[in-house]
Amino acid sequence: MNLSRRHALALGGAAVTVSLIPVSFASAASHNAMVTDAIAEYTGGADVAEGGVTLTAPEIAENGNTVPVGVDAPGATGILLLADGNPAPIVIALNFGPLSGGSGASTRIRLAGTQNVVAVAKMADGTFKSASAAVKVTIGGCGG
Amino acid sequence: MATKPRVKVPKSAAVGDVITIKTLINHKMESGQRKNKETGEKIPQQIINSFVATFNGTEVVNFTPHGGISANPFFEFTLKVPEAGDLHFVWMDQSGAVFETTKSIAIG
Numbered sequence: 001m002n003l004s005r006r007h008a009l010a011l012g013g014a015a016v017t018v019s020l021i022p023v024s025f026a027s028a029a030s031h032n033a034m035v036t037d038a039i040a041e042y043t044g045g046a047d048v049a050e051g052g053v054t055l056t057a058p059e060i061a062e063n064g065n066t067v068p069v070g071v072d073a074p075g076a077t078g079i080l081l082l083a084d085g086n087p088a089p090i091v092i093a094l095n096f097g098p099l100s101g102g103s104g105a106s107t108r109i110r111l112a113g114t115q116n117v118v119a120v121a122k123m124a125d126g127t128f129k130s131a132s133a134a135v136k137v138t139i140g141g142c143g144g
Numbered sequence: 001m002a003t004k005p006r007v008k009v010p011k012s013a014a015v016g017d018v019i020t021i022k023t024l025i026n027h028k029m030e031s032g033q034r035k036n037k038e039t040g041e042k043i044p045q046q047i048i049n050s051f052v053a054t055f056n057g058t059e060v061v062n063f064t065p066h067g068g069i070s071a072n073p074f075f076e077f078t079l080k081v082p083e084a085g086d087l088h089f090v091w092m093d094q095s096g097a098v099f100e101t102t103k104s105i106a107i108g
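Quick note, the sequences are listed as chains A and B, same order. Mapping of the first sequence onto this note's numbering: position 59 corresponds to residue 59, and the numbering continues sequentially without gaps. Mapping of the second sequence onto this note's numbering: position 46 corresponds to residue 46, and the numbering continues sequentially without gaps.
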């Protein structure tokens, strides 16, 4: 059998395109509802304005098992961090006490595949702000 | 199982300084998403779901991790130093285990 150069290149191309892990769920609609419900529960249904929150995450995560993420929202008393493509979207709830130096924290999270990381900050005046960052994941990190 | 947590805290600071604190604890953080390869059943979640840092008894931060926090949870945050004293860290997991450590900060 002759493996032509054209054929070999086509095979190589196909291999590269599957290395980015997309996330898919049996029902995208019900999963999206999980995310909006989680945010609504945190905000009590209040409006969420974009901006005022700095979310730091890599553009490409080599390993979905441990993705470094930082979040900072000056004036916030708490921040909810979500991963909109994870089977369980809420990643961590951060609360800043009276002696916190600011309203920021860093941690490492699991991402099941390419998706958006979302931060919703609860401000001291009761309003809510948010930011999101798209992260491409090359190896998924939810044990699958 | 988790082993002794490690924390990085400056030994001293001036009053009013904002200092950075880093914490790391060994813990599998079994997410509850993994499946047993033989039975196909989901392995039950067993994670650290509470982390609290206090300074001289006043809260600095209070975090509620979920299954999406990576194994060996790492947290970095800041403290505005009001006086000399003790930073107390407590991690709790879903089995009821509690892990604690304390670091002192001097003024100077």
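Honestly, the hints are just simulated from the structure, not real lab data. Mixed in with the good hints, there may be bad ones.
Heads up, simulated DSS-like pairs for lysine-lysine below, C-alpha to C-alpha not over 30 Å straight-line [as the list claims (entries may be wrong)]:
1) B:Lys35 x A:Lys136
2) B:Lys22 x A:Lys136
3) B:Lys103 x A:Lys136
4) A:Lys129 x B:Lys80
5) B:Lys11 x B:Lys22
6) A:Lys136 x B:Lys37
Original post:
Tell me, which hint numbers fail for this structure?
Top reply: 3
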